[in-house]
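Peer 1: Read off the chains here:
2 protein chains.
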Amino acid sequence: MTVSPTFTGGSAVPRPDPKVTADQLLSRYLHDQAAEFLRSLRTCSDGDEEAARALRRSSRRISGTLHTFRALLDAGWADQLRSELAWLSGTLGCEHAYAGRLERLLEALGRLAESTPALPGPRAEALRPTPAVGAARAGALLDRQLTLARTRAHSAALQALGSSRFHAVADAVALLASEVPFGPAAAGYAGSALPPAAETAGRKLAEAVAALPLHRAAHPYNAEALSDALDAPWHQVRLLLRLHRYAQEVLGAADDGRPALDLKLFGAGQALDHHREAAEAAAAAAAAARTPRIATATAYALGVLHADQRHEVEAARYAFQQSWQRTAVTAP
Amino acid sequence: MTVSPTFTGGSAVPRPDPKVTADQLLSRYLHDQAAEFLRSLRTCSDGDEEAARALRRSSRRISGTLHTFRALLDAGWADQLRSELAWLSGTLGCEHAYAGRLERLLEALGRLAESTPALPGPRAEALRPTPAVGAARAGALLDRQLTLARTRAHSAALQALGSSRFHAVADAVALLASEVPFGPAAAGYAGSALPPAAETAGRKLAEAVAALPLHRAAHPYNAEALSDALDAPWHQVRLLLRLHRYAQEVLGAADDGRPALDLKLFGAGQALDHHREAAEAAAAAAAAARTPRIATATAYALGVLHADQRHEVEAARYAFQQSWQRTAVTAP
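Chains R and S, in that order, give the protein sequences.
Following our numbering, the numbering of the first sequence begins with 997 at its first residue and continues without gaps.
Following our numbering, the numbering of the second sequence begins with 997 at its first residue and continues without gaps.
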C-alpha cells in the first residue's frame, strides 16, 4: 500500500469514479442533502428535536461542500447561501445548545453533590459547608438562567421559521435538488477536478492540528486547560475536521451512493464536540457566579463546577490527542 | 535471574550476609538512625527546617523497623517507643505541613488567577466575576488561617521540645545507639530471621495495593477522586509502602553499610505523598469556604481551588498507578 503524499488526517482521499464529471457528483451529493434538509424542515417547526438536528446536519454538509468546492461553483452564490445557512443553523441550534448545556451542568452538579460524603453527628452537620445545599442552589440558579435563555432561543427560532428570510433560504436549498449554479471548472471529470479541493481541506486540518499543543495534551493532568484563553485553536480544528469529513463524504459517495463513516475521524470529532460543550458549560457556570446577591455556598458550588468543566475540557483534549494519534499511526 | 515467589512490590527481598546475626544487623541499622536522630535534634530546635526533616526521617525509620521486626524485639518496649516517636513526629511535623499546604494552595491560586484572561473594555470589566479579586481574597484568607495554624503548631513544637516527655524519647533513642532490648529470636542468623518479617511487610503492601481501584486510576480523567470519601485506602498504602521500603533498607544495608535507594518504590511513594498533600490542601480550601461572612467571589475561588486540588489527587493516583505498573512489570 502506498502512502498518499498529502496528509489527510489518516484517510487517503478517495478517488471518485473516473467516468463521472465533477458537477454530476456534486449535484448528487447536494441533491441528497437538500432532500434531507427539506424533509426535516416540514417537521422541525413542530418542535421535533430529531428533525431539527437532521436539518442542522444537512445544512452543515451543504455549507461545507459549498466552501470546499467553491472554485467549481458560482462563488458569489455559494458565499451568499453559506452565510444564510449559518444564520439558520445558528438560530435553530441555540435552543438545543442551551438545553444540552443545562443537562450537562445539572448532571455534573449531581455527581459533585453525590461525591460529598455526609459527616456523622449533628455538630459535624452544623459545621459542614453544606455543599449539598450549595449544589442544589447552584442547580436552581443555572436552571432559571438557562431555561430563560432556551425559551428566548425557542421564540427566536419560531420567528425565524416564519420569516421571509427563512423562506428565501428554503427556496435556495430547494434549487440544489434540481440545479446547482456551477462554474466552468465543474464540467471536468470528478477524479481530477474534486480531489485537489478535498486535499486542501485535509491539509488545512493537518496544519491546524500541528499547531495544537498535542504533546502537552498527551500527558494527562497537565492543567493546560484551566483557562479558556487558548480554546479557540481547538474550536477551529473542530470546524476544519468537519469540512474535511464532509469533503471525504462527497468523494466517497461516488462508490455506492452512501458516504462511508470514517470512525477514527468521527472519534476525534466527538472529542472536539465534548471540548466545546464543556468549555461553554464552564463559561455558563462562571456567568452564573456573576449573578448579584447569590449565597456563598452557591458561589462555592459554581466555582467547583467551573473547575470541573474546565477539567472536562482538558480531558477532551487528551481524548482528541489519543484519537488523532491512532488516526495518524494507522494511516494507510 | 529467578523471580522470588513472594511479591514484594517489585523488589526481591535482599538476603543479608549469612554470617551476621539478626541482632547485629538490626543494631547496626538502628544505631545509624539513632545517630542521625540525635544529630538532627541538636539543631532542629533552632528552627532549622532541614534538621527537623532529618529528625522525622530517622524517627519514621526507627519506628518502622520496630514495627516490622517486632517479633525479634522486646515487644512492649518497641510498642511504647513507637507510640512516643509517633507523638514526636506528629508534633514536629505539623508546622512544616501547614507551611507546605499554604505554599501549595497559594501556588495553585496563582496559577488559576493567571489563567483567567482579562476581557477588554470597561463594560466587560465591570461585568467580570472578578476572579482575580476572588483569588486574591481567597489567598489572603488561607494565608491568615494557615499561618495561624502554623504559629500554633510552632508553639506546640517548642513546648514539646522542652517537655520531660520529649527528653524521655530522646533518652530511649540514645539507648538504640548502644543497646537494643532484643528478644531471643534475634540471636539467629540475619539471613533466616529477618526475611520473613520483611516479606510480611511486602505482602501487606501488595494486598493493600491490590485492593485499590488501580484499573480505574489507569484511565486518566476518570473523575474518581472528586470526593475524599475514598482517600483512606490510598493513605494506608502510603504508610505500608514506607514500612516496606524501610524493611528493604534494613536488609539491604548489610551489603555495603548503605541502604540502596529503590527508585521505583521511591516514585510510587512520592505520588502517594502528593496524593496526601493535595487531599489535605483540598480539605483546607473547603474549610476556608466555611468561614462566615466571606464574599461570594472568595467562595467561588475557593470552590475552584477545592476542585483543582481534588483533580491533583486524581492525578496522583494516576501517577502512582503508572509507577506501580512499571515496578511490577520490571520485577527481577
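Take these hints with a grain of salt, some might be off.
Just some of the chain R residues that point at chain S, by a computed CB distance under 7 Å [as the list claims (entries may be wrong)]:
1. 1040
2. 1042
3. 1109
4. 1214
5. 1216
6. 1217
7. 1285
8. 1290
9. 1292
10. 1295
11. 1300
12. 1302
13. 1307
14. 1311
Calculated from the structure, these hints are not laboratory results.
We put the CB at the ideal spot given by N, CA and C, even for glycine.
Peer 1: Hint by hint, which ones does the structure fall short of?
Peer 2: 1, 2, 3 and 4
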